[in-house]
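In this text, residue positions in the sequence shown follow numbering that gives the first Met the number 0: the first is 0, and each later residue adds one.
In short, the hints are calculated from the structure, not lab data.
Hints may contain errors.
[Unchecked claim] Pairs of lysine-lysine, BS3-like flavour, derived with a Cα cap of 27 Å:
(1) K44 with K153
(2) K47 with K153
(3) K153 with K195
(4) K44 with K215
(5) K197 with K100
(6) K47 with K100
(7) K44 with K195
(8) K153 with K208
(9) K100 with K44
(10) K44 with K188
(11) K188 with K47
(12) K208 with K188
(13) K47 with K197
(14) K197 with K44
(15) K47 with K215
(16) K197 with K153
(17) K153 with K215
(18) K208 with K100
(19) K215 with K197
(20) K197 with K208
[To be verified] Okay, the calculated beta carbon distance ranges per label pair:
(21) R170 with T118: 20 to 26 Å
(22) R110 with N190: 25 to 31 Å
(23) D62 with R1: 30 to 36 Å
(24) E201 with L27: 35 to 41 Å
(25) E216 with Y130: 26 to 32 Å
(26) K208 with G48: 40 to 46 Å
(27) G163 with K208: 33 to 39 Å
(28) L124 with K208: 35 to 41 Å
(29) N202 with Y130: 18 to 24 Å
(30) E211 with V128: 17 to 23 Å
(31) R110 with D85: 25 to 31 Å
(32) G19 with L124: 28 to 34 Å
(33) F3 with D120: 36 to 42 Å
(34) E119 with F3: 38 to 44 Å
Glycine included, every Cβ here is placed at the ideal spot set by N, Cα and C.
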Amino acid sequence: MRTFEERAVRIQTLSPMHLGSGRAQVVLDAEIVHDDCGLPYFPAKRFKGLLYESAVEVAEMMDACGAPGALRAEIDALFRHGASGDTQIVVHDFHMEGAEKMREDWCRLLRNYPEILRTEDVLELYTTVRYQTKIDPETGTAADTSLRNLRLLKENVTFAGSIGLENPAPRHWGIIALALRNLRHAGGKRNRGFGKIKCTLENASNHTKLVEHTMKEMGLCNRSK
């Protein structure tokens with residue numbers, strides 16, 4: 000019999016973050032992803048990719064510490080990354096906490112008052128626009144035609160969602176917990192200090208206990224922080 004378990008996940012922005020949409024506007028070079036009401040969200044495919052990369056980093060750290068087992072192979076099977084197995088991860092889009100009610104209210108206002116409220120007005124409540132330029136190394140001044148701008152999601156925004164596992168064992172949730180703990184950056188322009196995040200599985204105490212238990216199970220010392 001196939002089973003399915005789902006656990007809540009929170010993603011908190013600790014600094015402004017650019018989740019690029021790949022689109023631009025007349026007055027904006029880089030837009031962020033948002034729904035048709037102007038509410039930013041964290042796409043499932045992008046988060047799953049980041050979580051996989053984080054899990055691989057964990058496996059590499061485990062190997063460096065001499066942990067037994069083939070953790071990388073488990074991770075590749077879990078994420079269906081060139082391998083397969085009985086267990087599979089399922090991720091959906093993450094939305095800001097309270098987004099369902101906010102979306103209902105904003106969509107009603109946008110529909111009823113189109114002459115005074117636009118989608119861009121809603122988006123601007125949760126974002127900021129930053130301007131950047133390239134410095135000419137010879138002159139020490141801004142290079143010609145190098146001024147660019149991009150939209151950033153403000154810090155201290157929390158996205159809520161869930162991660163599901165088909166046919167999971169406790170160890171699989173341990174791998175997810177470790178990957179979430181290790182995942183600390185998302186989005187573009189990370190080298191400029193953008194995109195710092197904190198990810199938590201269910202509540203913080205359970206997450207910490209699961210991390211500690213998994214590390215002990217893998218034969219490592221207790222290094223949950």
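Index of numbered hints that the structure contradicts, given in increasing order:
Going through the list in order, the structure violates hints 4, 8, 12, 17, 18, 21, 22, 25, 26, 27, 29, 30, 31 and 32 and respects the others.
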